[in-house]
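*Asks:* So the sequence shown is numbered by the numbering used here: it starts at 1 and just counts up by one.
For the record, the hints were derived by calculation from the structure and aren't laboratory data. Just so it is clear, CB atoms sit at the ideal spot from N, CA and C, and this is done for glycine as well. Among the hints, erroneous ones may be present.
To be verified - Here are the computed lysine to aspartate or glutamate pairs in the DMTMM-like style, where the Cα-Cα straight-line distance is at most 25 Å:
(1) Lys93 - Asp38
(2) Lys29 - Asp9
(3) Lys93 - Glu79
Claimed, not checked - Label-pair ranges, simulated between beta-carbon atoms:
(4) Gly45 - Tyr88: 14 to 20 Å
(5) Gly16 - Ala95: 29 to 35 Å
(6) Pro31 - Leu85: 15 to 21 Å
(7) Asp9 - His51: 18 to 24 Å
(8) Leu30 - Gln92: 17 to 23 Å
(9) Val8 - Asp70: 29 to 35 Å
(10) Val32 - Ser67: 28 to 34 Å
(11) Ala7 - Ser67: 14 to 20 Å
(12) Ala95 - Val32: 32 to 38 Å
(13) Ala13 - Gly94: 22 to 28 Å
(14) Gln92 - His4: 30 to 36 Å
(15) Leu11 - Ser67: 17 to 23 Å
(16) Gln92 - Gly45: 26 to 32 Å
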Amino acid sequence: MEPHLYAVDGLLAFGGCRLAILHRPLTGKLPVEPLNVDFLVLACGYGASLHAALRRYRPRVVVLDASLTDYYRRRFAGEVRNAGLELYDVRQKGALVVPLDDRRPF
Numbered sequence: 001m002e003p004h005l006y007a008v009d010g011l012l013a014f015g016g017c018r019l020a021i022l023h024r025p026l027t028g029k030l031p032v033e034p035l036n037v038d039f040l041v042l043a044c045g046y047g048a049s050l051h052a053a054l055r056r057y058r059p060r061v062v063v064l065d066a067s068l069t070d071y072y073r074r075r076f077a078g079e080v081r082n083a084g085l086e087l088y089d090v091r092q093k094g095a096l097v098v099p100l101d102d103r104r105p106f
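With these hints in hand, go ahead and build the complete structure from the sequences.
*Replies:* Now the structure itself:
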């Protein structure tokens with residue numbers, strides 16, 4: 001079966017992999033339960049806390065986009081460590097490559 005790409009309001013799903021990309025402030029009601037995503041990408045324009053994002057999303061990995069300023073990279077990296085989550089910093093490690101047929105489950 002051919003994988004399909006689904007994209008709506010900062011959420012992407014492709015080949016069974018789910019990403020939430022935050023690049024602006026969060027608005028709207030909070031969900032009853034956070035949505036499970038494989039990757040939560042924090043990008044330039046998202047200035048709220050990681051805690052605010054975790055009220056909406058339950059990520060396996062938090063990705064710091066290369067567009068973030070050093071201030072936000074350091075701030076979010078500390079928040080991710082304090083939350084006990086896995087961190088991937090694109091500026092330090094380069095592009096995030098995810099083999100879709102070899103993902104770890106939630």
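*Asks:* A separate judgement is required for each hint: does it hold in the structure or not?
*Replies:* Hints, verified against the model:
no.	hint	result
1	Lys93 - Asp38	holds (18 Å)
2	Lys29 - Asp9	holds (14 Å)
3	Lys93 - Glu79	holds (19 Å)
4	Gly45 - Tyr88: 14 to 20 Å	holds (19 Å)
5	Gly16 - Ala95: 29 to 35 Å	violated (20 Å)
6	Pro31 - Leu85: 15 to 21 Å	holds (19 Å)
7	Asp9 - His51: 18 to 24 Å	holds (21 Å)
8	Leu30 - Gln92: 17 to 23 Å	violated (32 Å)
9	Val8 - Asp70: 29 to 35 Å	holds (31 Å)
10	Val32 - Ser67: 28 to 34 Å	holds (31 Å)
11	Ala7 - Ser67: 14 to 20 Å	holds (19 Å)
12	Ala95 - Val32: 32 to 38 Å	holds (35 Å)
13	Ala13 - Gly94: 22 to 28 Å	holds (24 Å)
14	Gln92 - His4: 30 to 36 Å	holds (32 Å)
15	Leu11 - Ser67: 17 to 23 Å	holds (19 Å)
16	Gln92 - Gly45: 26 to 32 Å	violated (21 Å)
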